[in-house]
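S.K.: Listed below are the residues making up each chain.
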Amino acid sequence: MTGLRYVYAVCRPLEAPLQAQLTGVAGAPAKPLAHHGLIAVVSEVPEQDFAEEPLRAHLEDLDWLAATARAHQGVIDALTVVTTPLPLRLATVFRDDSGVRSMIEAREDHIRRTLDRLEGRVEWGVKVYFENVESERAGQSAEPAPRPASGRDYLRRRRQESRAHEDQWQRAEAFATALHGKLSAFAEDTRLHPPQNAALTGAAGRNVLNAAYLVPRAHSEEFVELVDRTKDDSPGMRVELTGPWAAYSFAGDTPPEETPEETPEETPDEAPGGEEAEGRA
Amino acid sequence: MTTPRRLPDPYGGPSSGANLADILERVLDKGVVIAGDIRINLLDIELLTVKLRLVVASVDKAKEMGIDWWESDPALSSRARRDELARENAELRERLARLEELEQGSGRSAGRRLPREAP
Numbered sequence: 000m001t002g003l004r005y006v007y008a009v010c011r012p013l014e015a016p017l018q019a020q021l022t023g024v025a026g027a028p029a030k031p032l033a034h035h036g037l038i039a040v041v042s043e044v045p046e047q048d049f050a051e052e053p054l055r056a057h058l059e060d061l062d063w064l065a066a067t068a069r070a071h072q073g074v075i076d077a078l079t080v081v082t083t084p085l086p087l088r089l090a091t092v093f094r095d096d097s098g099v100r101s102m103i104e105a106r107e108d109h110i111r112r113t114l115d116r117l118e119g120r121v122e123w124g125v126k127v128y129f130e131n132v133e134s135e136r137a138g139q140s141a142e143p144a145p146r147p148a149s150g151r152d153y154l155r156r157r158r159q160e161s162r163a164h165e166d167q168w169q170r171a172e173a174f175a176t177a178l179h180g181k182l183s184a185f186a187e188d189t190r191l192h193p194p195q196n197a198a199l200t201g202a203a204g205r206n207v208l209n210a211a212y213l214v215p216r217a218h219s220e221e222f223v224e225l226v227d228r229t230k231d232d233s234p235g236m237r238v239e240l241t242g243p244w245a246a247y248s249f250a251g252d253t254p255p256e257e258t259p260e261e262t263p264e265e266t267p268d269e270a271p272g273g274e275e276a277e278g279r280a
Numbered sequence: 000m001t002t003p004r005r006l007p008d009p010y011g012g013p014s015s016g017a018n019l020a021d022i023l024e025r026v027l028d029k030g031v032v033i034a035g036d037i038r039i040n041l042l043d044i045e046l047l048t049v050k051l052r053l054v055v056a057s058v059d060k061a062k063e064m065g066i067d068w069w070e071s072d073p074a075l076s077s078r079a080r081r082d083e084l085a086r087e088n089a090e091l092r093e094r095l096a097r098l099e100e101l102e103q104g105s106g107r108s109a110g111r112r113l114p115r116e117a118p
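Going down the list, the protein sequences come from chains A and B.
Yeah, the first sequence ends on 280 if you go by numbering that gives the first Met the number 0, and it's all consecutive.
Yeah, the second sequence ends on 118 if you go by numbering that gives the first Met the number 0, and it's all consecutive.
For the record, the hints were derived by calculation from the structure and aren't laboratory data.
What follows is a set of in silico ranges between Cβ atoms, one per label pair, in the way DEER data are often shown:
id, chain 1, residue 1, chain 2, residue 2, range
1, A, R112, B, R86, 54 to 62 Å
2, B, R94, A, S183, 51 to 59 Å
3, A, E59, B, A34, 15 to 23 Å
4, B, R81, A, F185, 38 to 46 Å
Example chain A residues on the side facing chain B (calculated, C-beta under 7 Å, incomplete):
id, residue
5, E51
6, L54
7, A68
8, H71
9, L87
10, R88
11, L89
12, T91
13, V92
14, R94
15, Y153
16, H192
17, T241
18, S248
Quick reminder that beta carbons are idealized off the backbone N, C-alpha and C, glycines included.
The shape of chain B in the complex, shown without the other chains:
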């Protein structure tokens, strides 16, 4: 469990171990917001942030916010596809199990009946 870690250099150092999400999370989403002369409509930046959040934020967070429609949509989620297959399989196996029981039952009765009818 070794991870590339930064030396505790008392004078600091570049955050080279950081991934793009680490950097965007900070330069885009944190830090001090000051409206400059170039007014990027703040709504646009917020929209961008929201867009990025959709990429950056985890599925769990989205679920927390009640966004989970893709999970159950087989067209969007491979897990949903798997789940659907699994559900279908389980259903088929259950039906098979019931049929097996039925067959055993009818088999026994057929077995009893047959010898009686044969003579």
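In isolation and in its complexed conformation, chain A is listed as follows:
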């Protein structure tokens, strides 16, 4: 076999077997590779797609990237059902099994510590969309608006409209802040992601909150109920819940004492690349 090894995650030995037909990023099955009491979940990928040059070219292709990201996430999802995986970033590729083993040896302590910290926890994503803007604007234009009698009337009306718009935004912000406060109080940890662009998601409304919450699996049901209860509080706001995810947003934090050369980031989400420093160490 001349393929490369694509690593999805590292976890503790599985108590239940992985599903039989678990297909990885290039169509090959994902399998556990045990070493030093840990397992890496690995699949073989063709060198023609995952060697440096082709991989770099592929990563620029949004369709390839989307398909690969979904396949990667599919494996992580399957792992999340049976264990608490430490998910690696997309396209972590080694030459062969021994390369994967060396990686595990080199990072054993850190991997174990992170796995301990995340054990039994999942990530829930909560997004708030603000839907009122367009509908109220449509409502305004539906009314038979009298033509402004003068330039001054016209200006006055425009001022009123922009004031109403401002009020809506304040309401949306207040709603999102209150919800985030409530959910943060329940969750063990939380991360704020940049709001998503509707052009990419096709979601209706404007994304005003995009947050991740770390919640013990055992308390997930309560968390979901909490989100459900809160989301009827305010008309015009739409709350979307995704998960349970593997604890992606919480896996990258590196304890400062282990890698003293990097600056510990208090808010990694606001410092792009902050948590990525680990890979260069």
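Given the structure of chain A, go ahead and fit chain B onto it with the hints provided.
M.R.: Leaving out everything else, chain B in the frame of chain A:
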């Protein structure tokens, strides 16, 4: 306000309700970074992330970072085009309003003057 929500299955489940941005946000931008044998120049991945951020990140975030040039460029922003039209309209209406006032004023004086000159 019903949204497709996930069952709180205690054993987890696939994140099927997630959109592509949700997935990319995590598999590309989060998770543990380990340099493999295949060294994708990290700068390239960062550049890619930056590129994607331009797509994924919101306008608000960009504004926070001080990037807002497209907003006022009518060639790039439909809102800027609308705003420009609106500004032009407002300006025209204001001029019209001033002209209306002027006309009323001159109309009155003309009215007073005319009868005097007629006889």
